[in-house]
Amino acid sequence: MARESSMKRKRAVSNFFSYLLLIIIVIIWLFPFFGIVLGSFRSYNPAVEYGGIVDYVIPKHFSLDNYRFCLGDETNYKRWYMNTVTIAFFVSLLQTIVVLCVSYALSRMRFNGRTLLMKFWLILGMFPGFLTMICLYFLLKQVGLTQAGAVPGLILVSVASSGMGYYICKGYFDTIPKALDEAARIDGASRARVFFTMTIPMSKPIIIYQALVAFMAPWNDYVFASYMAFGHDKSYNVAVSMYRWMNTGDYQGYFTRFCAGGVLIAIPVTLLFMFLQKYYVEGVTGGAVKG
Amino acid sequence: MSNTSVAKKNPVGSFFSAVGNVFKDIGVIFVQGDWRTKISYLIMGFGQIMRGQFLRGGMYLSIEVLFIWFMTSFGSKYFSKLGTLGTIETYKKNRKTVYGDHSFLILLFGLLALFFIIFLLFCWYKNIKDNQKEELILKSGKKLPGSKADFLSLFDSNFDKTLLALPVTGVFAFTVLPIVFMICVAFTNYDATHQAPTKLFTWVGFENFKNMFSFGTGGFGRTFGGVLLWTLVWALLATFIDYFLGIAVAILINKKGIKFKKFWRTCLVMTIAVPQFVSLLYVSKLFDSAGIINGTLMKWGIIDSAIPFWTDPLLAKVTIVVVNIWIGIPYLMLMATGLLMNIPADLYESASIDGATPWQMFRHITMPYMLFVTGPYLLTSYTGNLNNFNVIYLLTGGAPKSMSYTGGAGATDLLVTWLYKMTINDTDYKMAAVIGIMVFIVTAVISLSVYRMLPSVKDEEGFQ
Amino acid sequence: MKKKLVSVLLAAAMSTSLLVGCGEEAAQTVQETAETVQETAQETTEAVQETAEAVQETAEEITDYGTGEIKIWVADAVVDFTNKQVADFIAANPQFAGYTVTVEAVGEGDAASNMITDVTAGADIYGFAQDQTARLVAAGALEEVAPENVDAIKSQNAAGAVVAATVGDTLYSYPMTADNGYFLYYDKSVVTDPSTLEGILEQCEAAGKNFYMDLTGWYQVAFFFGTGCTLTYDSDNDGNFTGCNVDYDSDKGLVALNEMIEVAGSKAFQPGSSAGDAVNYAAIIDGTWDASTVKDFLGDNYACAKLPTFTGSDGATYQMSGFNGCKLLGVKPQEDENKLAVCDALALYLTSKDVQLARYNEVGWGPSNLEAQADDAVKADEALSALSEQFAFTVPQGQYPGDYWTNAEALAGDVQNGLQGASEDDVKAALKDFQEKIAAAR
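Chains as they are written, first to last, in the numbering used here: chain S, 1 to 291; chain R, 292 to 755; chain Y, 756 to 1197.
Take the hints with a grain of salt, since some may be wrong.
In the DMTMM-like style, the derived pairs of lysine to aspartate or glutamate whose C-alpha atoms are separated by at most 25 angstroms in a straight line are [said to hold, decoys possible]: (1) R:K387 <-> Y:D831; (2) Y:K1050 <-> Y:E824; (3) R:K383 <-> Y:E859; (4) R:K576 <-> Y:E824; (5) R:K387 <-> Y:E960; (6) Y:K1192 <-> R:D392; (7) Y:K1022 <-> Y:D969; (8) Y:K1094 <-> R:D603; (9) R:K424 <-> R:D392; (10) S:K141 <-> Y:E960; (11) S:K141 <-> Y:D873; (12) Y:K826 <-> S:E282; (13) Y:K839 <-> S:E74.
Worth flagging that the hints you see were computed from the coordinates, not collected in a lab.
Pulled out of the complex, with its shape left as it was, chain S reads as follows (with noise of 0.2 angstroms):
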């Protein structure tokens, strides 16, 4: 009896001091956002607060001066925003539909050069990104996805190479047992078939992960996106606009409009990733031990 309630004892001891832990931590995890989420509301009108940055936390005057900024016509940011929702919708979905089609092939068919093509592969991701950006820039222009075609030209570089990048997706079709597919080949189906009607209807997690981290991508894009747009305001990213808000000198105190600007992107961003993070973690996870 004794022993019981000291055994309870430790473990309410033990208990109590890892709820403390993780207050703690979530503490340090999310004052970041609540900086970010309460600099939004100081104005930047000086008759009321100011907009750069300060020693204090909490506004001293509650206002929504910077999100009248954002959405109202001072700046292009709702271009931007839209920019940045069409650039995520079109990667999420075109990059999805490559990495499948790559992944199948690679899981199920065996053909010549098909080891051969994936150590390539596994080469070619070792080098920089950065250093083929000049280049990327050059091909694009002559094809006129620059500037005032950045908006495309950003997808299709987004897309195009986005075969390289079939891993996980790859693990998780080596998982989806051959004798479904072979059954099916046997009852007449052609490889197509199979794909189309089994493959896929069975890879709904993958399919979400998938298309989840492609959307996420551009919202955090801004050195290439700052390069294709090369100055044509009207293409630039939300990522790109502003990050010229925090480090150009022509845009003083635009902190706070920036801290609003950033929760707007937020919001959606954040609810998609709640809703979906059960699959995300799937992919992780999944992608952990495939490598």
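Given chain S, put chains R and Y in place with the hints provided.
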């Protein structure tokens, strides 16, 4: 030792014997083939069309037509100048500027033309082999598959070609071509003072590599060594610290008796959903010498003067590693959560019956399992961290700088961020290309040598 | 006569291309013929025009400038302003009505690096800071100013601005502002006497406030030039650097570097020169472009002054110096002379006295035009007058190679870290190393 066994052991030898076979094939098929095959040597697809395989033959023919059109209208004028990268200088006529050769485009499209030529040669050889195969089939009295059967095979036995055609082309045009291009740039003098289209640039051989490894004043050797060392150390720290702490947090949340598991996880996962250029820029301002952390600590009287998080070289490195924990743990936590559930529960049960402490169970059950399963992940994560641009660039931009480094590199610069600065700020493409090649070599050497040692690699082969 | 010549050439071109074209694919031939015809016609027109111009000077007024598109890159703050001015310009000059002008927001730094990366895709007219001039010329991104405009620009603008726009002995761009310099903004309630650097730092420390100053290349010369050091580079007409004149590795240089180390060691010191990122400051060394941000932050305590003096390690008192520079408007080399003429006219207009004054009234950019500088409103501007007071002690910024800025930034890093508390010998060694590196910069 016979000749064939030497060829087998020696990759160079086997390559040459394969090439020899190809030439032999070309000759033999020409001598033995019928007139349709012979004409196919000149007009690709001719034999196939004459034998009624219109789809196949048409494909070959259109490839040839397209190739000729491309070379005459576009490719040849660049390809022919590939050796010099252009000779005509830009000049002025009155006040009008007349641009000369564009070295950049000559190199780029010259390479593109080279790719097309290799592609055509490959198709040409295929076309000949195809002819031979058809002749053999016809000789043995069988019928050739018609165009319709050919077409349908693209969705069945040849479905891989349908699936891979576009992705492979995309990779060639947008990854292989640019990489080959930049490798070539490393052997030219393309930099700020040789900027196309106004100035020409040309081949200089290994000049840039010599500069990279020269240790005198102005040479890049010392800086390269320092940046490389930090890159390797950083990737090691970033990978393993995150790894162990991530697993620890996952275990903490999974612990019996902890409620609201989903809530804790969701809070951490926020860092993945919010774009890094927003959150990391905020964090970098947070640690600024006049930022909120320093300001608050000073207000509370804990410190007297600001802690130089970003300005002291060593402290800046430490701060980056710490901030990277903030970024990395959520991924690892998610991953570990999934994997921990896969560990058979009876292992723990029997261990606890034997009186094992939680720490012993962690050391002898959890960790070995995790390390075994996540070996490939650790490797990709390590190579990923070698090239982790965002974290460094958004937090410090490579600062603090010091005169002991040349080429604009700072104490926290990785090879990639240094490379990026060289391209964007200094337009020193030739040195950037050299660094890019170095990054590749480092990544490849580490990946290949570690990959062979992974315990789980052999098991994985079973799947493929 | 002109018409006749064109038609003869046209017919000739058509028939030859038809003959040649017989063996080729039809579609391509048609297109090519059309192009050839167009080109021939254009060339003929040009040739005819040139002769006409040579013979009759009066014919110039009726020159057909044709049509085209002109792209302008300026900082975001002046996009609307520039659009308005361009519209006025086209309205006043109907002969240029065939040109469509678009104005895009590209900051000075981005504009310069974009122009260097790909001059063909860059803007036809663009604003940039003067430190980029040599790089832009070397990259072939700047056209020489039209010879007929050179004398007027040289006589109407501040001498420093003209120096900034010149490489070798050629004028390459149009001075737009002459306010690219720095001075002191301070909080009246904290800093009561802004005349000495020591006093400012002391008062900031006492009040727990920050003192912001950037120590990188553009700002550190405030110390080096202040103690009497010099640093200039020689360049040829193509923007290539040929030599360096520097005497940093001397007693004067040592005093300057020691002072930098001392300032950076102050508790109040923060590195930085952008008011929007500065926190809790009572003094900041910054330029006019941040005037409104500083005003927002300091409110009623806002005040400006020339840079302070400092007492060097040798006991003498020195006035802080610095660069004075300007923003310029450049025209990129054109493949069409008519378009170049339009760009020249437009750039000249956008940097004229009236437009400079209007720009000052709209966004507060200090003019480089001498008459505009003499305007009462400009003279009454607090920030601009502090700047012009400071300009008495500064050096017109010539051309400096990229390696200078890189090395100077590295020195700034060392001043804040490695050199803090370093021995006299180490400081001397660092100074010697720095001089060697910047002297080798090209």
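Against the structure, the hints come out as follows:
The hinted pair formed by K387 (chain R) and D831 (chain Y) fails the criterion: a straight-line CA distance of about 30 angstroms is larger than 25 angstroms. Taken as a hint, the K1050 (chain Y) and E824 (chain Y) pair is broken in the structure, with Cα atoms around 40 angstroms apart against an allowance of 25 angstroms. Restraint check for K383 (chain R) and E859 (chain Y): the C-alpha separation of about 28 angstroms exceeds 25 angstroms, so the hint is violated. Between K576 (chain R) and E824 (chain Y), the direct Cα distance comes to roughly 42 angstroms. Violation of the 25 angstroms bound is thereby established for this hinted pair.
Distance hint between K387 (chain R) and E960 (chain Y) is unfulfilled; the C-alpha atoms sit about 59 angstroms from each other, more than 25 angstroms. For the hint pairing K1192 (chain Y) with D392 (chain R), the CA-to-CA distance comes to about 35 angstroms; that exceeds 25 angstroms, so the pair is violated. With a C-alpha separation of about 15 angstroms, the suggested pairing of K1022 (chain Y) with D969 (chain Y) holds against the 25 angstroms cut-off. About 53 angstroms separates the Cα atoms of K1094 (chain Y) and D603 (chain R), which puts this hinted pair outside 25 angstroms; it is violated.
Taking the CA atoms of K424 (chain R) and D392 (chain R), the gap is near 47 angstroms; set against the 25 angstroms cutoff, the hint is violated. Restraint check for K141 (chain S) and E960 (chain Y): not satisfied, since their Cα atoms lie roughly 54 angstroms apart, outside the 25 angstroms limit. For a cut-off of 25 angstroms, the pair hint linking K141 (chain S) to D873 (chain Y) stands: about 10 angstroms separates their Cα positions. About 50 angstroms separates the Cα atoms of K826 (chain Y) and E282 (chain S), which puts this hinted pair outside 25 angstroms; it is violated.
A C-alpha spacing of about 16 angstroms is found between K839 (chain Y) and E74 (chain S), which places the hinted pair at or below 25 angstroms, so the restraint holds.
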